Each structure stands twice: as structure tokens, then as C-alpha cells.
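*Asks:* This is what each chain is made of:
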Amino acid sequence: SQKIEQNSEALNIQEGKTATLTCNYTNYSPAYLQWYRQDPGRGPVFLLLIRENEKEKRKERLKVTFDTTLKQSLFHITASQPADSATYLCAGLNNAGNMLTFGGGTRLMVKP
Amino acid sequence: DAGVIQSPRHEVTEMGQEVTLRCKPISGHNSLFWYRQTMMRGLELLIYFNNNVPIDDSGMPEDRFSAKMPNASFSTLKIQPSEPRDSAVYFCASSHFPLGNEQFFGPGTRLTVL
Chain A
456 SQKIEQNSEA LNIQEGKTAT LTCNYTNYSP AYLQWYRQDP GRGPVFLLLI RENEKEKRKE
516 RLKVTFDTTL KQSLFHITAS QPADSATYLC AGLNNAGNML TFGGGTRLMV KP
Chain B
60 DAGVIQSPRH EVTEMGQEVT LRCKPISGHN SLFWYRQTMM RGLELLIYFN NNVPIDDSGM
120 PEDRFSAKMP NASFSTLKIQ PSEPRDSAVY FCASSHFPLG NEQFFGPGTR LTVL
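Which chain is which? The protein sequence lines are A and B, in order. First residue of the first sequence: 456, per my numbering; consecutive thereafter. First residue of the second sequence: 60, per my numbering; consecutive thereafter.
Just chain A, with the same shape it has in the complex:
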């Protein structure tokens, strides 16, 4: 079955460092991947979308890569801040093109 997998362990980093989160997909090739941020008690908020023919996409301190060979997307936050602490979700469009499959999310904790 089509799967989106993220590291379920929390990522703890120091303020100012670059946070790197990983999203791996198996058993299919999504046409695009989306990244969302989710804070406790709230719904996910869209951050970035990257298409399979795009290697990299940037938005302010955020950078997303898409490696179709490794079947992987990396999500980077540069100059991280405690306010970046949240759970980050990766989602891929399924082969039928009619639904998103979400990964389990990775919790990021940025310590001052």
C-alpha cells in the first residue's frame, strides 16, 4: 500500500541551528508532496508544496527538497527559533490523484 513515513521520534535542537526533517514514501510515486505544521490542539497549517519535477523549494527560512531516486523529501528550517516548535506533517498525492496520504508527523522541539 502507498505509505508516507516520517520519523516518529521527536527532534530536539538548539535555537539557531538548522532543523532537518525527513519524509519517505514507499510503493508509489507522488506527483507532489505537501508539508504542514500542526500546533497542539489545532488543525494543520499548510507550509509548502513541492512537485516531483522540482528539486528544491524555498520560503523564507524554510526549504524543501524532493529526491525521486531516494524516494524522499527533506524539510529544513534554518536559524530555528523556539516558536518553530511544533509537529510537522508530510503529505503525498496518491496515484489516483484523488486524495492525500499523510505521514505520522515529526515533533520538533527548539530549545533556547
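What the hints contain is simulated information worked out from the structure, not anything from laboratory work. Model, not experiment: these values are computed from the prediction. Don't be surprised by glycine CBs; every beta carbon is placed ideally from N, CA and C.
Restraint ranges, calculated between C-beta atoms of paired labels, are given here:
1. Q469(A) - H69(B): 32 to 40 angstroms
2. R123(B) - N479(A): 32 to 40 angstroms
3. L529(A) - T79(B): 37 to 45 angstroms
4. S86(B) - K458(A): 29 to 37 angstroms
5. K127(B) - T523(A): 33 to 41 angstroms
6. P129(B) - A551(A): 24 to 32 angstroms
7. E142(B) - L517(A): 37 to 45 angstroms
8. T473(A) - A131(B): 38 to 46 angstroms
Based on the hints, put chain B in the right spot on chain A.
*Replies:* This is chain B only, laid out in the frame that chain A set:
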């Protein structure tokens, strides 16, 4: 715009009772999604509407779950009868078609079935 509105925010009910969750999508959006989120299974798509028509309901767990979208500004997700394993946070999201556009999520309804 107020964003996606969901009600109630919290619902506690007893096993066997009927539960109805409500959603008002963002005005002008023509796609609406119902998701369920649990610690064990993460965020799962239950059903997806486009222009008020159900497109894919393969994620609906069983016949106890049903969803309707009578018009472009309102949708309901009903569970009857409810069971303890239905306890989860239910999110509604809306977007512009096609599916690739970003989805705007509501605040969710936390359902507890005792």
C-alpha cells in the same frame, strides 16, 4: 474570512449514541475533506467532496459513518451508533479544486466516546 468552522469543539458521549459533527468550509472553496486523527493511526482521510458531491469515501471505516454536504457552505459527519474506538479528533478541511492546492483545516472536534 473566518476560516473553516467546526462544531462542536468537544463532544463527550456514551457508546451507542448518535454523534453529528458539523463543518462550514471557507466561502468559495469547492472541495471539502473530513479527516480523523489519532495517536496510533495519524491523520486519515475519511471522505472527500467536490462541488458538494462525494468523490471518494473509501476511508470511511464502516457503515456507522456517514457524511453529507447539502450545499456549498455546510457538511456533516455522523456516527451512529458511536463506539469507544471512534474517539479521536475529527478535522474538516477545504480547498480550491484541484486537489493539489493547499488545504485549510478547521480547529477540529475532539470526540470522546465512553
